[in-house]
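Those protein sequence lines, which keep their order, are chains F and U.
So the mapping is simple: my numbering equals the position in the first sequence, first residue as 1, plus 1.
So the mapping is simple: my numbering equals the position in the second sequence, first residue as 1, plus 17.
Source of the hints: derived by calculation from the structure; they are not laboratory data.
Note that the Cβ used here is the ideal one computed from N, Cα and C, for glycine as well.
Check each hint, because a few of them may be wrong.
[Stated by the list, open to error] Not everything, but these chain U residues come out facing chain F in the computed CB check (under 7 Å):
(1) Leu64
(2) Leu138
(3) Phe157
(4) Ser322
[To be verified] Covered by chain F, per the in silico footprint, the following chain U stretches (three or more residues, Cβ under 8 Å):
(5) 75-86
(6) 225-236
(7) 242-255
(8) 303-316
In case you want the letters, here they are:
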Amino acid sequence: MSLGRIGFWVAIAALTVAFVGPLLWMLSTSLKTNPDATRQPPSWIPHPFTTSGYQPLTNLTSQTPVVRWFLNSILAATGNAALIVVTASLAAYALARLDFPGKKFFFGLIVGTLFIPAFLFLVPNYLIVSKLGWLDSLWALILPSAGGAFGVFFLRQVFLSLPRELEEAALLDGANQFQIFWRVVVPLARPALATLIVLSFLTNWNDFLWPVYVLFSPSRFTLPAGLSILQGAYTTNYPVIMAGAVVASVPVIVLFIAAQRHVVESVARSGLKG
Amino acid sequence: MSVESSAERAAAAGETLQGFQPPEGQGRSGVHGRVARHGALTPYLFLAPFLVLFCVFIVAPAIYGIWISLHDYDFLLPHKPWVGLSNYTELFTPGGRDATDFWRAMKATGIFTVFSVPLLLVVPLLVALLLNRSFPGRTFFRAVFFTPYVLGVAVVGLLWRYLLDPNIGLVNSYLDQLGVHRNIPWTTDLPWAWISLVGMTVWWTLGFNAIIYLAGLQDISPELYEAAEVDGAGKWQQFLHVTLPGLRPVLLFVLTVTILASANMFGQAFLVTKGAPGNATRTAIMLIAETGMRSFRMGVAAAMSYVLAIFLLLISLLNFRFFRMRDTS
Chain F
2 MSLGRIGFWV AIAALTVAFV GPLLWMLSTS LKTNPDATRQ PPSWIPHPFT TSGYQPLTNL
62 TSQTPVVRWF LNSILAATGN AALIVVTASL AAYALARLDF PGKKFFFGLI VGTLFIPAFL
122 FLVPNYLIVS KLGWLDSLWA LILPSAGGAF GVFFLRQVFL SLPRELEEAA LLDGANQFQI
182 FWRVVVPLAR PALATLIVLS FLTNWNDFLW PVYVLFSPSR FTLPAGLSIL QGAYTTNYPV
242 IMAGAVVASV PVIVLFIAAQ RHVVESVARS GLKG
Chain U
18 MSVESSAERA AAAGETLQGF QPPEGQGRSG VHGRVARHGA LTPYLFLAPF LVLFCVFIVA
78 PAIYGIWISL HDYDFLLPHK PWVGLSNYTE LFTPGGRDAT DFWRAMKATG IFTVFSVPLL
138 LVVPLLVALL LNRSFPGRTF FRAVFFTPYV LGVAVVGLLW RYLLDPNIGL VNSYLDQLGV
198 HRNIPWTTDL PWAWISLVGM TVWWTLGFNA IIYLAGLQDI SPELYEAAEV DGAGKWQQFL
258 HVTLPGLRPV LLFVLTVTIL ASANMFGQAF LVTKGAPGNA TRTAIMLIAE TGMRSFRMGV
318 AAAMSYVLAI FLLLISLLNF RFFRMRDTS
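Based on the sequences and whatever the hints tell you, model everything.
Next up, the structure:
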């Protein structure tokens, strides 16, 4: 092996340690007792090995019902991803395939909002959500972000790249537009729809600032908002805090492993478009 | 070139990509000329569900925000008097009620951006160059370096607060073993707090930028490298004269996205330094969120967010100007 080749593998190994190490440390700490977690010098293997860090998380009546937060997060992220994929695909179909007055205007308006920084919406959306009576409820996490333009923009590009022959044939067979959308376009665009679902789910699952401010009751939190409460409640009890972090990480890591190629490809392509 | 026009360009590119369009007249017209493909209302029915959400949560707040910023808008008080531009002018008046806090927070966001953006431009490029070579397990390592990004800031913040704990954290513990026998106050003192925030952000988002770079690298035609090699260019010269110019649009995209993300910094400081020491690391977004959604002084908070947005707009315009200058030279 040449010197350059060795240097290359050393660099890859160092990066891998830097990226995987902290995650393993999180997992290892979550399986320790507190004295073990704060021991100097630190040890990577829990001794004794215990799941007691996870026990307080299952208490539904405490101020930190992590299991409840987990369910809330699942509900919010699933609801939000479903809403996005349904509304965005319908709208994208109209913009990609149908002719109507005002099409250019709508498309321009939708794309134009992609460039508005999200923090501008914080305060006014807080008021809008409050007027709708959704403060401290999961609706505040499910609906507002489904108004975002990304899904429509993304799916319109995908639909435009699909072959039209099947649609033309279906039209000649007397299918209406909704049947064409549902029976022809949706099956053809399935990978892109799956990508949008995964990206929306990940984004919603990890959203932090918004849930911290619009949710107040311990029973209503999602995981990220709750984790900062957990940190406050268990200040230096790191096994419990890291157990909470593991619980918040596992679903997204599993989802990422399952959909790795789709997620990575969609991120990769985002740079080539601009 | 404006930001908008680049998006339209992207959209137009998609338009030209669409293939398989039947020749004019075929398939859609018969004896009666052009057959109506759908009713006049159909497109609007397809658009309606999205448009409702879009109007309520994007269009309305974009306008409502301006209206709020022109009022002394306190969520908890019944009377919300019109004050014109005074929420804005107060921010620019030395000694104004929120001016000191606001500019300190803008400075914090600025410091964070100035130190994190160059690192997030250069380090991911180096990682992408490593990943651009062909070697066994490349897809695996690509995914490994991207993993922190899918975790979200709450997990990353909690994890790094623990790793950086001055007394029992892994970082100080290893530094001690390396002979640095002092407990570095990573989260409570300067400049350490900035190093922590920038460092953990690089760890968290490096993979995102690296993957965008990697796609850009793979888009550069191998023939360009072959031609450069025939001309006797070394590796470094190939990097300067083939790789960097080929990456220019991707660089602009990464720069724009990274500046925007840095200006949005919230979770890291909220969880790890909590603004310490003495609000030095309280970022603009932290201040806007606290002012608007904890103290409920929404008029001022909305005004702050528009001032921050205008700063970002100016920086984006400068970026585009700079890159276009390089284009024409």
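Against the structure, the hints:
Annotation: Leu64 (chain U) was flagged as interfacial toward chain F, and the flag holds, the nearest CB pair being 5 Å apart, inside 7 Å. The closest approach between the C-beta of Leu138 (chain U) and any C-beta of chain F is roughly 13 Å, which is over the 7 Å cut-off, so the hint fails. Residue-level restraint check for Phe157 (chain U) is violated (minimum Cβ-Cβ distance to chain F is 9 Å; threshold 7 Å). With a least beta-carbon distance of about 5 Å to chain F, the hint placing Ser322 (chain U) at the interface is held under the 7 Å criterion.
Coverage of the stretch 75-86 of chain U by chain F holds. Counting CB-CB distances below 8 Å, 8 residues qualify, and the rule asks for three or more. Coverage of the stretch 225-236 of chain U by chain F holds [criterion: at least 3 residues with CB-CB distance below 8 Å; count 8]. With 0 residues carrying a beta carbon less than 8 Å from a beta carbon of chain F, the stretch 242-255 of chain U misses the three-residue requirement, and the given coverage is violated. Counting residues of the stretch 303-316 of chain U whose CB lies closer than 8 Å to any CB of chain F gives 6, which reaches the minimum of 3, so the coverage claim holds.
The structure shown violates the earlier hints numbered 2, 3, 7.
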